[in-house]
Amino acid sequence: MLIEIDDLSVTFGKGRDAVQAVRGVSFAVPARESYGIVGESGSGKSTILRAICGMAPVTGGAIRIDGQVLPKRRSLAFSRRIQMVFQDPYASLHPKRSVDATLAEPLAIHRMAGRDERVVRAMQDVGLDPRFRFRFPHQLSGGQRQRVVIARALMLEPEILLLDEPTSALDASVQAEVLNLLSRLREERALTYLMVSHDLAVIDHMCDRLAVMKDGRVVEELDRAALAGGGAREPYTQALFKASEHETT
Amino acid sequence: MSLLEVENLRVAFDTESGPVEAVRGISFGVDRERVAIVGESGSGKSVTGRSILRLVRPPGRVEADTMRFDGQDLLALSERRMRAIRGQRIAMVMQDPKFALNPVMTIGDQMTEGLRHRERMGRRKATAKAIDMLAAVQIRDGARVMRAYPHEMSGGMGQRVMIAMMLIPDPDLLIADEPTSALDVTVQAEVLAILDDLVKERGMGLIFISHDLRLVSRFCDRVLVMYLGQIVERLDARDLDAAQHPYTRGLLNCLPSIGGERGALPVLQREASWAE
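So the protein sequences, as listed, match chains G and C.
Going by the working numbering, the first residue of the first sequence is number 5, and it counts up by one from there.
Going by the working numbering, the first residue of the second sequence is number 400, and it counts up by one from there.
Treat the hints as calculated values from the structure; they're not laboratory data.
Don't be surprised by glycine CBs; every beta carbon is placed ideally from N, CA and C.
Please note that the accuracy of each hint is not assured.
Which bits of chain G does chain C cover? Going by a derived footprint, with three or more residues having C-beta under 8 Å, they are [to be verified]:
#1 48 to 58
#2 122 to 136
#3 180 to 189
Using C-beta positions, here's what the derived DEER-type ranges look like [said to hold, decoys possible]:
#4 C/D620 to G/K18: 37 to 45 Å
#5 G/A22 to C/M504: 51 to 59 Å
#6 C/N407 to G/G58: 39 to 47 Å
#7 C/L651 to G/S45: 33 to 41 Å
#8 G/R237 to C/G602: 22 to 30 Å
#9 G/K18 to C/G602: 48 to 56 Å
#10 C/R633 to G/S172: 38 to 46 Å
#11 G/G118 to C/D413: 19 to 27 Å
#12 C/R669 to G/A105: 57 to 65 Å
#13 G/R221 to C/R661: 23 to 31 Å
Facing chain G, according to a computed beta carbon distance under 7 Å, are these residues of chain C, among others [unchecked claim]:
#14 E439
#15 A542
#16 L566
#17 E577
#18 S580
#19 T585
#20 A588
#21 L591
#22 L651
#23 P655
#24 S656
#25 I657
#26 L664
#27 L667
#28 A671
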C-alpha cells in the first residue's frame with residue numbers, strides 16, 4: 005500500500021473546548037489508485053489531507069507512506085512525493101505573483117534547474133495558453149487559476165496528489181474540463197490520487213473506491229460499482245445517495 | 400395579468416473600461432408558480448433578481464420596457480413606495496446566511512425588526528410571531544434560537560432562519576438567489592422541502608436562481624436558461640431532457656453523474672452565436 009492511514013485521530017484545542025475532527029480513521033490506498041473521501045461539512049475529510057501534509061494536530065494513530073511512518077516534520081523529500089491541490093483557486097495563489105513566479109517557486113525551493121523549460125512544459129501539460137505566463141491571478145478566470153494550481157502541484161513530479169475539493173469553486177462547464185484534465189494527468193503520469201469532495205457524483209466519476217465520513221469517522225467504505233448499484237449498507241450513505249439523486253443517470 | 404411582468408430588461412454597469420452589459424434585453428413573467436433562472440457565473444441571473452427589487456445602485460443602470468408587479472410599474476415607484484414593496488410583497492433569500500444576516504444582532508432582534516418598526520407591533524407579539532415562523536421552518540427550540548447570533552448556527556439553520564424571516568410579512572413573491580448552494584447536500588434536501596411546502600401553502604410565486612440545472616428541474620415548474628445576459632431557452636421543468644439549445648444541452652451533458660460513464664466528460668464548446 006502506498007498510503008496507509010492507521011487509526012488516525014486529529015483533535016483541535018484542549019480540554020473542554022477540544023474538537024475531535026478525526027476519530028480513529030483507517031484506510032489504505034494502493035499505488036495508482038484514485039481514492040475518494042466524501043462527506044459533508046464538519047465530517048473531517050479535509051482534515052485528513054491536512055494531517056498527511058503535517059498541517060493538523062495528530063493526536064493518535066499513524067500515517068505511513070510506502071510503509072514508512074511520517075516523521076513529525078515533513079521533509080523536502082516529502083514534498084517531492086506528495087503535493088496538494090486546494091479548493092479555492094482565488095485563495096491558494098499569491099495575488100502578487102505571476103503564473104511564472106508561482107510555478108517557479110517549488111523549483112527554487114528544491115534547487116532544481118531548467119526553470120524556463122519546466123515552466124513552459126507545465127503550462128502546456130495543463131492546457132494553459134503560453135501568453136498567460138506573466139499574468140497575475142486576478143487576470144485569469146477561475147478555471148485558468150485552478151489549472152495553475154494543478155500545474156504548480158506537478159512541478160516537482162510527485163507520485164501522489166491530495167485533492168481537496170478541486171472543482172467545488174468552479175462552474176459546471178469548467179468543472180468538466182478540470183476533471184478531464186485531472187483524469188488525463190493521472191493516467192499519463194501514473195499518479196495516485198486521494199480526493200476529497202462533498203459531491204458524490206464527482207467522487208463517483210473520478211475514484212475507484214471511496215470512504216464516506218461523518219462526524220470524524222468513516223461510516224462505510226465502498227467501491228464505485230457498489231455505490232452506483234445501490235449497494236450502500238449504512239443508512240447515512242443511503243441518505244447521502246438519496247439526497248444526491250438528482251445527480252444519478 | 401401575471402404577478403410579475405418583465406419586458407426587455409437591460410442592466411449595464413459603467414466601469415472604467417466601458418459599460419458591462421450584465422443583462423441584455425430579457426422578458427419573462429412569473430405567476431403563482433415556481434420559475435427557475437439558471438446560468439453560470441456571468442450569466443446575469445443574480446443581477447436580474449436584484450433588478451426586480453431595485454437593489455442595483457449606480458454605477459448600475461436598470462432599464463426595461465415593462466417591469467410590473469401586481470399591476471404596479473416598479474421602475475416608476477418612488478424609493479419610499481418601493482421600500483413598502485421590498486420585504487412586504489416581494490422578499491429575497493440569499494445564498495450564504497453568514498453574510499446575509501446581520502452578524503451583530505441576535506436572530507430574534509433581526510426577525511422582529513420589521514414587525515416592530517413597520518407594523519409597530521409590540522415586542523411580545525412580534526416575538527411570538529417569529530417563534531411561530533421558526534416552527535414553520537422546523538426549528539423547534541425557537542426561543543433559544545431567538546437569543547443566538549448568526550455565527551452560532553450551522554449553514555442549514557441559518558438558511559432556515561433567513562427563510563422564516565423573509566416569510567413573516569407573507570410576501571406574494573419570493574426571490575431565492577442560490578438559497579441552497581452553500582449547504583450540504585442532505586441539508587439542501589431538507590431546506591428545499593421546507594421551501595416547497597411554504598410556497599405551496601401560501602400560494603406564493605417563487606423565482607429560484609441557481610447554477611444547478613438538475614436541481615431546479617426537480618424543484619421548479621419552469622426553467623429559464625441564461626447565458627451572457629440573455630435567456631437562451633425556456634422550458635417546462637419536466638421537459639428538461641428535451642432541451643434544444645446547445646448551451647442547455649451542453650450544460651446537462653457536462654455534469655458527472657453517479658453510475659455514469661468513466662470516460663472524459665463532454666465539454667461545452669461555446670459558440671459565439673449564442674451571445675447574440
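Quiz item: What hints, given by number in increasing order, does this structure fail?
Solution: 1, 2, 4, 5, 6, 7, 8, 10, 11, 12, 15, 16, 17, 18, 21, 22 and 28
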